[in-house]
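For this one, chain D is given, so just place chains W, F and A on it according to the hints.
Chains as they are written, first to last, in this note's numbering: chain D, 617 to 1032; chain W, 617 to 1032; chain F, 617 to 1032; chain A, 617 to 1032.
All clues given are correct.
Identical copies go unnamed one by one, so any copy, or any two together, can satisfy a pair.
Computed list of lysine-lysine pairs in BS3-like fashion (alpha-carbon distance at most 25 Å, straight line):
no., residue 1, residue 2
1, K850, K956
2, K932, K956
3, K622, K642
4, K642, K792
5, K1021, K731
6, K642, K678
7, K622, K785
8, K869, K968
9, K763, K642
10, K814, K794
11, K622, K678
12, K1027, K763
13, K1027, K956
14, K642, K670
15, K1027, K850
16, K956, K1021
17, K724, K642
18, K1021, K763
19, K763, K625
20, K625, K731
Just so you know, these hints were derived from the structure itself, not from any lab. Since we're looking at a predicted model, the values are computed, not measured.
Listed here are the chains, written in short residue letters.
Protein chains: 4
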Amino acid sequence: MSQVDKAIKRVVLAYSGGLDTSIILKWLQTTYGCEVVTFTADLGQGEELEPARKKAELLGIKPENIYIEDLREEFVRDYVFPMFRANAQYEGLYLLGTSIARPLIAKKQIEIARKVGADAVSHGSTGKGNDQVRYELSYYALEPDIKVIAPWREWDLTSRTALLDFAEKNQIPIAKDKRGDAPFSVDANLLHASSEGKVLEDPAVEVPDYVYSRTIDPEDAPDIPTIVTVGFEKGDAVSIDGQAMSPATLLAKLNDLGRANGIGRLDLVENRFVGMKSRGMYETPGGTILYFAHRGIESITLDRGAAHLKDELMPKYAELIYNGFWFSPEREMLQVLIDKSQEHVTGTVRLKLYKGSAWVIGRESPNSLYDQDLVTFEEGAVAYDHRDAAGFIKLNALRLRTLAKRDRRAKGRTQT
Amino acid sequence: MSQVDKAIKRVVLAYSGGLDTSIILKWLQTTYGCEVVTFTADLGQGEELEPARKKAELLGIKPENIYIEDLREEFVRDYVFPMFRANAQYEGLYLLGTSIARPLIAKKQIEIARKVGADAVSHGSTGKGNDQVRYELSYYALEPDIKVIAPWREWDLTSRTALLDFAEKNQIPIAKDKRGDAPFSVDANLLHASSEGKVLEDPAVEVPDYVYSRTIDPEDAPDIPTIVTVGFEKGDAVSIDGQAMSPATLLAKLNDLGRANGIGRLDLVENRFVGMKSRGMYETPGGTILYFAHRGIESITLDRGAAHLKDELMPKYAELIYNGFWFSPEREMLQVLIDKSQEHVTGTVRLKLYKGSAWVIGRESPNSLYDQDLVTFEEGAVAYDHRDAAGFIKLNALRLRTLAKRDRRAKGRTQT
Amino acid sequence: MSQVDKAIKRVVLAYSGGLDTSIILKWLQTTYGCEVVTFTADLGQGEELEPARKKAELLGIKPENIYIEDLREEFVRDYVFPMFRANAQYEGLYLLGTSIARPLIAKKQIEIARKVGADAVSHGSTGKGNDQVRYELSYYALEPDIKVIAPWREWDLTSRTALLDFAEKNQIPIAKDKRGDAPFSVDANLLHASSEGKVLEDPAVEVPDYVYSRTIDPEDAPDIPTIVTVGFEKGDAVSIDGQAMSPATLLAKLNDLGRANGIGRLDLVENRFVGMKSRGMYETPGGTILYFAHRGIESITLDRGAAHLKDELMPKYAELIYNGFWFSPEREMLQVLIDKSQEHVTGTVRLKLYKGSAWVIGRESPNSLYDQDLVTFEEGAVAYDHRDAAGFIKLNALRLRTLAKRDRRAKGRTQT
Amino acid sequence: MSQVDKAIKRVVLAYSGGLDTSIILKWLQTTYGCEVVTFTADLGQGEELEPARKKAELLGIKPENIYIEDLREEFVRDYVFPMFRANAQYEGLYLLGTSIARPLIAKKQIEIARKVGADAVSHGSTGKGNDQVRYELSYYALEPDIKVIAPWREWDLTSRTALLDFAEKNQIPIAKDKRGDAPFSVDANLLHASSEGKVLEDPAVEVPDYVYSRTIDPEDAPDIPTIVTVGFEKGDAVSIDGQAMSPATLLAKLNDLGRANGIGRLDLVENRFVGMKSRGMYETPGGTILYFAHRGIESITLDRGAAHLKDELMPKYAELIYNGFWFSPEREMLQVLIDKSQEHVTGTVRLKLYKGSAWVIGRESPNSLYDQDLVTFEEGAVAYDHRDAAGFIKLNALRLRTLAKRDRRAKGRTQT
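Chain D with its partners taken away, still in its complex shape (with noise of 0.2 Å):
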């Protein structure tokens, strides 16, 4: 175990009211001696958060160290919907789901500290992952001189049986089905919910139906499509089938009809920023319409250059936030750009849900680009000459015939 700072006085603890996070609530008491202070907040996760209340103060903390937020329409809005106006994928194909609210619990963590006077934070995350650096990152960003306790980097407490020993001796509950291993860990929000570990450690070996929890089966889904119309303004989502609708008011809807269509898994292996390989499970169900939706109103309202810009810099923007660097100024200048980009987004795309898919089928804007004068086979268009089109080409051939020229006579002199 590394050495343990005794000067800290108090401490902030992203607390969830489970076994894990209650072992170190505990575990700070004992080791560090110092007051904890436990957040506890509602992203979506779908818990009830009253328990962790009743087990915080079970576990001695004191009423006024208990702080318990809704964080829900926060989350969607400043976080969620800002991210999907990038069309944001890290590796191609994973939504972000997990990474996008390590920075919003730090922050909120961080506005405590500073509230109760706390001089440490603390966090559940293991050694080996991602969300470790992003809280940590985060947490430094926004107070570069906190202390940071990570428990599952100092303890000893290396197996399953020495928690449970630890628990039993703090007369810490333990709920029966968390006695045995978990066959797999799981984090969730509003946006997803995702999986690793145990009988998922084998990429080779496809994901048992019972590690979903976010969608039914696409097998099992309605044999009829489900059409939604989701309507932007700005670049965000504000309305479903024409009713308007708060940032997570309107996720949970879509997340209720990615559930009963099945959509949004994804079954990856993924390259950590600590290093290694890593095999997960996401659902991202309302995530995923989202993301189709999204692409769909650009397509008519977001101009070429304007575009290709940002699809060039989403790979780099989604790394950010993916690694942690939520509360970094690249990750702001970028914002600023993609935010930039979606003044005009606005309109109502249509969609089919059906088995698994989210297809486009229509989309409408008072903002379109797309003119059908334009891209109509008749001449006619007043924009529009054929014969611009030879010097267009011409000019653009230029380079490419001087280059063909000079490998002729490049090779003219090799030959002779």
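Positioned in the frame of chain D, the structure of chains W, F and A alone reads:
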């Protein structure tokens, strides 16, 4: 009509045997008074080639001036597969089925032009599309002084009626179903079929089902998923379900699987190189399966640094192909970079095909970089020490902490 | 000659007062039979504007149709400075002095066109250069239905003799030194002077000294270096040696310093947007000092993430300006990204100017991110623990080690 | 002090023969009780190697454990030249002289470790710098299970006094001028010399002249310019003034020319990979000439598409080398891309060297893409028709016009 270059003696025409290119054939003879050499290629578009020979003969082309070639293997091996090594998608979605065929046709026309001593080449693409650019950039890049005749930009046959009149006057046979205006235009090859125009011109209106020709409606696809295993060597698919196949045979087999499961439909509004938006429908059944399979095998065999560099460069690479710059130094430079990355991309990927979707469900490779020991929850792996993560995070955070301190100082100054 | 659009009623001409644009003025009147409105701008090219007014009057332009404007401050503040925030260099070397002036002139022409109800605009750039593109893309981006007359692409005055004949026939006064062919052409504004053509056309031959007009020969510059301090606020230069100055005044002052010390000469072969290479000579005395000064102040105030992102995007940004896409969504998106990065780029930079060079020798800022405590050899700094470096390296190396093991395994298989 | 791995039996130390690495040598013996193998390389740092052999013997190293190698040719041919093909500059200015030497030294240490059966390697770089990262990433990439000893991160000799005490106790001879603290530290090889620390730590204060060792003060340089011609083949310099030379000989010759003319000094604040800013002084006399010469020959032999792609990727390439990722898939991928571009980069460049500056004044190539006929003012060139420019501009403008119309419509709606 532009001025006609009467000096042209012999022209190689990309000839499909259809009505439009037959009209062009005749128009070239009558307008330029030059000898026409026809080139008809089998790229897997699904049409017999012999009728094209007969038609050409009927129109007065001498047998020695009729070139017909089966390019399917060359097409897949030297064009489709190199492009798929890059996971190329134009504007995030389009697998470039039309774009990738043009350079090969152009190259063959130039080869024939050299052989028969032709001073010009001609194609049947219109003046508003991308294909004219792709053909002509390729012509010029390969033969810088070649003359190019683009009838659609030159002639005055600017209406359907004018075209049919010309055909009748010149004894060009007109199939009954060609009398009326086609409700949409089609391009097809072994990689895909695409349609655009007329009934597709309103992007708010769903593509009618009769437009699709390569895939059955997902709703009509089997209720039982199909499981398929694709084998890869150095980035290229080489086998299906353990059976080795040539490139074109393999793609054709994937097309069958994709067709049967309704996979690879895309309804897209895209940005053309010539400056306007257009709406197209694409069907890439086998290519869609191949795309996901290739990402799957890369996910365990490609290092993060290599994978992310590829992802960052992909949009530019796809844009180059879309815009017609296959034969350009920058495409070739990107290609060697991509090919370099594929040296170890060998192994097998299992996919589930079901009602419009292709999901990777397993991947294996002798070259796998996935290391179960590294990723497993339990400590003890030689290569990973949890405490390393602390230092890793600390140094990654250092500049963010310095920034935060600077910003705090700056704020302090402002408030004073 | 192309067909002439006789419907044009009133055209706003970018008029310098020189022989060429005077010929254009007359040619527009005689060919199009339309009313000509002249616009003459002071962008710091170093010429009096009143002679242009007299000349225009002499050529029959009504006083109310003569527009003359001093744009120097607007030019530097809204065009030069934003561009310098990006450290923009085209092809690694060229500071874009010509490129950046065109959009401003075009914008003013369009504003005047709206005011006077003109339906067309015209410029004096030739058909082989970049400037025609820059002007016309700007015109169209600001006023999509404007008509553009580019005389050099239209008329048959294709030789010097034809031009002079036309001038004489139309009583346009010809200065004696304009009788003969100019040995090179010049463009100039407050940021730079450039020359190309004739004596410069052989890229193997050194630029003759008489071509330079903005700088003295470094060999003739003072033997004693000049020390200058440039003050910055949010990325823009605001003072010299402690004295606050307006943008144009400041740039003029830097030009004086640069001229005296022979700074900012560039002999370049560059790639034009229209597809050929050209050789030019550029003099950017003040801009060169500004470039290094700005990099200097950024070096202590810009975070690494921000700095590297800017550096990666700079070539694209510079290319956009060079190609004439100042008024495009992608340039504007990049601009907000760049501007966002400049919020703390405040402080002073000291430079040594000496016989052709400008070296940064010191920089200071209240927003400095340089932390002497961090960097110093001695341990003890709070923020840095040497042992963190071990973990940092270990995790950065992890994927490389995994690769090496894979490659060793692969080699083993091959050898067996 | 960290825990010591007593299992280590034999270590290959990068040994300069100086005081610091001699202390390390002894410390390794006494602390690890292992056999030390020294490796001393001549990379053109300008020091005799035989004294290092004597010193190693004096410190008890067996003759067969002393490795001394002249790596100058390999260094320039396989590291410096490939990097210069990319025009690599870190943060826009630094030619990477230190960064590029580390991977080669590391590679040789690993080769020796394999030969002598060593299980560890060691270097003398401190815990705050980039060099530790560059060494160790290279070690791990080449030999994934090697053990690395980084004494500066491990020992408790954390002050100058402690070091000298240790030296005295262990009979390590201390040169008189090493008694006191060095006013700055130096790194040198054939490409450059760099200094940092102490007298250089305040970035506001000019670098004292005595810090420079590779160049004379520009003010002391000759009053007459030196003209030099550099010959290139496939992107690499091969001759000076017509005389063919080996890579190292050529760079040494350029160094002489640069030194004499005061060329290549750089005073820089840079961002280290480990997270802090540092201020350094660099002298790259020959490299600076080479950089401009290479850009010069590329300017006439490289196509625009190739050149711009290279420029866009350069910052990433330079960052990889700076950060120590020479032996990484992504650097190798970029290298093949760059090398591909250099196939025709052959010819000669003339430069003027004068008091700190190197200006290209002429370039010639059998592969030149510069076409005087194309660029000349007079019409008549076959390849260029002025009217093509009209179509080129029109189609490039099309999307901007569509945007402008959209924005006008949008504005109209808002105002109603």
